[in-house]
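Protein chains: 4
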Amino acid sequence: MVKVGIVGGTGYTGVELLRLLARHPSVRVTAVTSRKDAGLKVADMFPSLRGWIDVLFSTPDEAHLQECDVVFFATPNGVAMHDVQALLSSGVRVIDLAADFRLKNIQEWEQWYGMTHASPALVAEAVYGLPEVNRESIRGAQLVANPGCYPTAVQLGLLPLIEAGIVDTSRLIADCKSGVSGAGRKAELGSLLTEAGDSFKAYGVGGHRHLPEIRQGLAQICGQKVGLTFVPHLTPMIRGIHATLYARLQRDIDVQALFEQRYEQEPFIDVLPAGSHPETRSVRGANLCRIAVHRPQGGDTVVVLSVIDNLVKGAAGQAVQNMNLMFGLPESSGLEIVPLMP
Amino acid sequence: MVKVGIVGGTGYTGVELLRLLARHPSVRVTAVTSRKDAGLKVADMFPSLRGWIDVLFSTPDEAHLQECDVVFFATPNGVAMHDVQALLSSGVRVIDLAADFRLKNIQEWEQWYGMTHASPALVAEAVYGLPEVNRESIRGAQLVANPGCYPTAVQLGLLPLIEAGIVDTSRLIADCKSGVSGAGRKAELGSLLTEAGDSFKAYGVGGHRHLPEIRQGLAQICGQKVGLTFVPHLTPMIRGIHATLYARLQRDIDVQALFEQRYEQEPFIDVLPAGSHPETRSVRGANLCRIAVHRPQGGDTVVVLSVIDNLVKGAAGQAVQNMNLMFGLPESSGLEIVPLMP
Amino acid sequence: MVKVGIVGGTGYTGVELLRLLARHPSVRVTAVTSRKDAGLKVADMFPSLRGWIDVLFSTPDEAHLQECDVVFFATPNGVAMHDVQALLSSGVRVIDLAADFRLKNIQEWEQWYGMTHASPALVAEAVYGLPEVNRESIRGAQLVANPGCYPTAVQLGLLPLIEAGIVDTSRLIADCKSGVSGAGRKAELGSLLTEAGDSFKAYGVGGHRHLPEIRQGLAQICGQKVGLTFVPHLTPMIRGIHATLYARLQRDIDVQALFEQRYEQEPFIDVLPAGSHPETRSVRGANLCRIAVHRPQGGDTVVVLSVIDNLVKGAAGQAVQNMNLMFGLPESSGLEIVPLMP
Amino acid sequence: MVKVGIVGGTGYTGVELLRLLARHPSVRVTAVTSRKDAGLKVADMFPSLRGWIDVLFSTPDEAHLQECDVVFFATPNGVAMHDVQALLSSGVRVIDLAADFRLKNIQEWEQWYGMTHASPALVAEAVYGLPEVNRESIRGAQLVANPGCYPTAVQLGLLPLIEAGIVDTSRLIADCKSGVSGAGRKAELGSLLTEAGDSFKAYGVGGHRHLPEIRQGLAQICGQKVGLTFVPHLTPMIRGIHATLYARLQRDIDVQALFEQRYEQEPFIDVLPAGSHPETRSVRGANLCRIAVHRPQGGDTVVVLSVIDNLVKGAAGQAVQNMNLMFGLPESSGLEIVPLMP
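Protein chains in written order, with the numbering used here: chain U, 27 to 368; chain X, 27 to 368; chain P, 27 to 368; chain W, 27 to 368.
These are computed hints drawn from the structure, not numbers from a lab.
None of the hints are false.
When chains are identical, the list treats them as one kind, so a pair holds in a single copy or across two.
Quick list of in silico lysine to any residue cross-link-like pairs, SDA-like style, CA-CA up to 20 Å: (1) Lys67 to Leu215; (2) Lys67 to Pro299; (3) Lys251 to Gln133; (4) Lys62 to Ala213; (5) Lys62 to Asn103; (6) Lys29 to Glu357; (7) Lys67 to Ala300; (8) Lys62 to Glu214; (9) Lys67 to Asp296; (10) Lys130 to Glu151.
Based on the provided sequences and hints, a complete structural model is requested.
Okay, structure coming up:
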């Protein structure tokens, strides 16, 4: 059994990790930390876990994380970078669900996140945890930077086009829509049902932290800078991301076949039949990315529709997938969940 | 492996059965019938099942249901009563998720459902599939009448009080709220997002078909007729039932202890700590009934809050639980699902 | 033109007052206070008001409220009681949308609201602003205590029965459901779309501050204490309250006629035809209470369904109705709004 | 008083027309037709109109539409084209809210709408009712083709850029999101709360009927064919359209000033301050289009965010605005509505 610790178990990625790990056959959750709620039963805060998770929240000191095999950081940005080195030194492997180790360019990270990076040396060492790109590196990684939710949906949707070198990478567009859980479990005015409900809006058009992360991932594939316009929107639902991606084809090609071949062996990517429109609910609760490719009116604009559950393939599920790779477990272990529909 | 057939697989109880059975370790779904959609892959209608369910819809003739060990009827009311006898005669066991075999009083059934019953003899034989009341009879049953969603939530909430004989059974009140999936997967005006969304209403105050079913269940326990006012409401959510139950205590008693003791051994009933308010989402997707008991201001009115997922413990999950009992499988087999939250 | 000031304009009752007053033909809003946001244009916080409301938030000092004809307090409980006396002394009339002057029993108020009352003398003087009960007193009032949202829906639903003396007032039940805006425009975890969305729950079963307010109102009508069980619930919608009320008839009577006669002259009460089920959306945005009365199965339990928009007839609309009465304006002035459907 | 008839009053655009006209100071609704519901009070179908609209649905024969000054067709596509000529010949002016007279190219219309056009001669005569483009022609029109909802939001968002001739019109992108009421008041599976709720999807990526309408409108402005990729999406809300528009700037220009100047005199277009993100709810129930313009990272991609209420500025409100122009009434008459927030 892999001994697992979770730092910061009171947010949505934390509780989602617990939902997945509760049923994982090869894992035991030994500690869930929360300074503020230490002593409280986790299931008292999250009644959905009653009967599944018996541990109490503990302080980081009580948690004995150095005795874990792996520690997940489900903390706000800027926390893990302070604590990871000590764990790594004790031989504990780490998966950070926040953004601390995602951007290789420290200066860019500091600009977008507005703080000084506390352990730049670890950034170079960290493996970006998108298995469909970095599977082999993840297996051997001590420190995994789990991708952001938008970056997962966008990169998986554009990957085949960019690898094939058939689109103009200087003018990509990612028009993305997220459910409200993407904002986290925080008491913020804009996330109230009365504010975000029955309404739709864009946000962060001027610049969003996931923009440099997506650009870095795409640039790495095509070997040069990419031009990307990224517009995130808030949609009145709980879970789910829908990325609508636009690119200009430079060569006439069967895009449907391209996508099907690229993802043929991928356990968590589902390329839908030509002409499909994936719904976010078709992946609700599951570690899946479903994708459809279109060429409206047969023109040279390719439109990719890519959906994930932001809390699963966009966060906790992908983290478990990474853990499975790191510990030589079956990649689908604990992730064999049928999406909840309706 | 238990060979399972599903008659009427295009509604919400049908697709929910498939979600649960897809992961059931001792079951193989061999046929899903739909006259209208015969030949179509089930997963083409329900993309959430892609990768999990490979069968095609078939006509009843093609389905060879008589070779199944058990057949679930996920059909509208009035269908199963025509087809069940032939299956039973072939040695196939049957679980009807509709109302055909729920009411023992044929005349009452015909009044509420507005049709002549096609096989009244089978009604007497059928076992009412509420395991918390009839577990032993279910084990040996050939034909199970799976309870309605409201009746499940209401009976489980009132059971301990009525068994203990401590409330006035002549003036019970069940104020119930259901998500829209309770209306089924039918193109009806009143179930549109634009009609049922962002609004709340009562319906059927003059009389609802679940009223006689609840009354029958409660009367059986206390050995006499009960007086029940049942008011169902439609609430703008997808899944979930919340029953708020009112009864007059005739004896001073520790109701919290009463409920805890009654349900101590029940795998799918969770009595919450005193003072709790269960949310429907705390059982979303899971075969659970969570219950809290209150005595406001310490008075003699007891208020019970009982929540289920109408498609799981209120329909397909309970049906699988019944199947497990009938075939000597572990009662929780295929039902070990952590609720989806948020 | 009536000169109007609003204290505390950043909450939902404040912005709703502004929506209504923006179109009121006999009113000019001269000041909207907010210490925190002084200097900001009101329409910059609430873009829905762009083009309708030009004033800036001001500090209470800058607001010159003593020059207003009437001041609305749309503040949290416990604010108005400190500030009202000075305004009244300047000849300004006051309508408090919070609870400070609703309960005549100071001791009871202090228990439920957890603070010492700062101006108990004014409580006696204040008129409870339910026009359907106190219309004449409101006309002459200097200080109006605007009723709570639940108390409005419940009292209007029970009024005809209690005035007629035909129900057992010792065992009334009010099962109430509210949209999330009832919790106000505050960054609270439980009001997030991700927490309150797609779920349903009761709350405050042990005791809710609106209980003594309802009891006081009903007792005043029947001249004796009433026994009331009040269970509020949170339903995943933005606006609207649905009260489902249960009482035992002590005399056989035509309840439909009773309600129609009682409310025949009331401009904002709509008794629906027998057999109806009012939807909350049928009053969305309007100063209306729609009511239906049922006697299920012709028994002696009467079920009343009463719906309002909690922000209009349950708060700001009723406050404007009170202002109209106080200033001799047509009672419907500024309130002639067709509900928004769908 | 302008005498108004409405053909097809049972859909959402019909009931929305009634909401607006009920409060219009210069209008009397004399007939609302519905073959199926003739004899029923309109307010019995739409309780939100109780107290506001007294007329009954009538058959077209009973309606004496030729005595009206103006008739609105709120019918499905393909109805008005059969009935309009007779009305025009009687001197009645007509506003068609459906698509029958929107496309000047008859052949193109017949392809997209799958039927033979019944009165192609009238198409040439009809004025496309977008006041911000065709105000003067509308004043004199006998027959107005009221624009579609998506076309209104998209054209108003792109208009200033295209008029100014500063963007590449060969590669425009319109990524649009609509609430479910855009699908009409029809019992369709895909519009159920259980299907469209808590989920997000694109649809019609291969081709949508509003594409040729938008292309025609834009081409008319720039005097040449435009290249447009149009992707509509369904978002889980009741009302509202959000268009996110992408174009490549060919000249460096102050786009904020451009938009502000273009719409300075427009009563129903609101250009938000630089850096804004309009929410659909900020126009809920009102005849408004709010627009924000961005140039992310100061690049040459301009992003326009344009929101309307699809039932108001996208349908019934715009129709009333057109009627006001046609009859020399103040353009805002009956449209002075403050958006409903929250």
